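Asker: Residues per chain, in single letters:
Number of protein chains: 2
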Amino acid sequence: MMVETLKDIGEFGLIRRIDALLKREGIQAPGVMLGIGDDTASFKARPGHEILVTCDAVVEGRHFLSRHISPLDLGRRSMMLNISDIGAMGGHPLYALVSLGLKKDALVRDIEHLYRGFLEELNPFSASIIGGNLTLSGDGMFIDITLIGEVEEGRAVRRSGAKPGDEILVTGYPGHSAAGLRLLAQSLATEDHPLVRAYNKPSHRAREGRAVALTGRARAMIDTSDGFLGDLGHICEESAAGALLIQKDFPISDELREAAELLKQEPKEFFLRDSDDYQLIITCAPEDAGAIRAAIALTYNGPVTKVGRITAPDKGIRLLLPDGSEQALFAKGWDHFG
Amino acid sequence: MMVETLKDIGEFGLIRRIDALLKREGIQAPGVMLGIGDDTASFKARPGHEILVTCDAVVEGRHFLSRHISPLDLGRRSMMLNISDIGAMGGHPLYALVSLGLKKDALVRDIEHLYRGFLEELNPFSASIIGGNLTLSGDGMFIDITLIGEVEEGRAVRRSGAKPGDEILVTGYPGHSAAGLRLLAQSLATEDHPLVRAYNKPSHRAREGRAVALTGRARAMIDTSDGFLGDLGHICEESAAGALLIQKDFPISDELREAAELLKQEPKEFFLRDSDDYQLIITCAPEDAGAIRAAIALTYNGPVTKVGRITAPDKGIRLLLPDGSEQALFAKGWDHFG
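Just so you know, the protein sequences line up as chains X and C, in that order.
Take the first sequence: its position 3, counted from the start at 1, is 4 in the numbering used here, and no numbers get skipped.
Take the second sequence: its position 277, counted from the start at 1, is 278 in the numbering used here, and no numbers get skipped.
Simulated from the structure, these hints should not be mistaken for lab results.
In this text the structure is predicted, and so the values were computed from the model without any measurement.
If a hint is listed, it holds; no wrong ones were tucked in.
Identical copies carry no separate label here, and so any pair may be met within one copy or between two of them.
Dumping the calculated DSBU-like pairs for lysine-lysine here, alpha-carbon to alpha-carbon at most 30 Å:
1) Lys8 <-> Lys269
2) Lys105 <-> Lys24
3) Lys316 <-> Lys24
4) Lys45 <-> Lys164
5) Lys164 <-> Lys316
6) Lys105 <-> Lys202
7) Lys202 <-> Lys104
8) Lys104 <-> Lys8
9) Lys316 <-> Lys8
Model the full assembly from the supplied sequences, consistent with the hints where possible.
Answerer: Spelled out as structure tokens, the structure:
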């Protein structure tokens, strides 16, 4: 039985196949005036809304290894991390442009599964793929997605609004993804381990981000894609603020505690450092925390944990240890070039 | 003297350098509510306009060889081809997102020159870079640009509107770029040769495309990035039409004639086949050609040539040879996977 590769069907053949798949399995989003098949795509913005736009690239060998993730999960993950960015502004995803760099021996069915992964993430929002680009790449494939969304004018929640005294809230369990990756890389766990699943099949908090924005009570919000500390660092930098974190309050699950022991590392290091969890960090005045928790609870039944507070900028980001002493933390996020 | 590489300054160091360069040398476009430095960029669409969005990736080893093109020219070229797409719809470029895949030994000054190249193309339109992504790539760099533009509602010129009887007009000299690339690859000419310049420093017809759209007289329009025949093929496919081309009317310059002789190929092959010239193909009713020529002449003093007419679809695309006989042409564009 022949398995089709790109070379067998050519660029225009692949475009036709993808186009057919999108028509069959995707959603025709409202507002689109022109999709795939012209020089550009085109849509009409809704009055009273800002347009949000973000892009993120995923590169083989850097962000994933094809032997560790299926094409479907890779598609979901690549789209998910863009949806997470739109949600962290309080927006709703609308339109995606997908730019692929493909290896010449890529299998057509793998590419189709990749697109199914994109659609699994987009369809629940009635969002659609309206354009993109296909090219051959060198020794690794890349997936570069531009995602366009909208948010009601004036409702976007930035990184720059945090104020001293704000509570720092975080959803879920940052660190699970990093620990899962380490377990996988060291062959200490298989794909059905909950932490490995957190890495391979992450979920976003985009609906929760939007609900938070609509309360009008959040002062700053960001998704954790550079690790909790890196992303809190972005908030502090953009807000010209510092932070005091309280270690005993960190949301550390039993699974993470066990994995950390196996990996001979402190659990808090997984919580703080590089990890692709796509949870939300939110800062707000203490009296607004209840409304924000209630908004998140509409669609998420995981924990929302207060892990510290925003301070004046002069002391940077510090950690209050269980013994009452303080430690200066280095707010360094995921550095792709490090 | 030390020459800085990516590894020396890290991802966030590079982001700060690029940010500073954009602030210093770029233009702060109107309508932007939020640029680089948050989860997403954000802008407000103008009432009465459609948003146009396109993306194109340029991959080292596939679309360029770094020994043949300077970082500045590479930046110009990568942005230019997106501007060309917006112009071919009749739109005006507004905002770019630049996603780079960089080799770890890339020089910081080369990346800065790349961004200067982007700005050289964007600044004349008061368009700006509002976001993007940086990552390490494998054995070759890639530049993936998403460009957002606008066009007055209902004014966009699609590929799908061509009608039998329409004149087929083309600007400039398609084929120059392909011939220049061949001369360069075979070391038959240096960078100051006009055809090599057409390849290395192409210019777009975006202003002319917009002027054409505003006449309201064009039925179909596309830019030539897949070669004249490939792009005319896109118009015919989307319009369910055919075409008759008249060889004796093709715009073949003396330079192309000389180069073709040197390269032992017929000049018309360069005109018809794969070539990145970013000229415009326009179809219109014969009585509207004058208004369209006048619109183009506002900003372009090169030729606008009638090279044939749109026909019924049943005979595909044919070529009328100088001896009066007809040849069936295979409308096959640039196939990246071929």
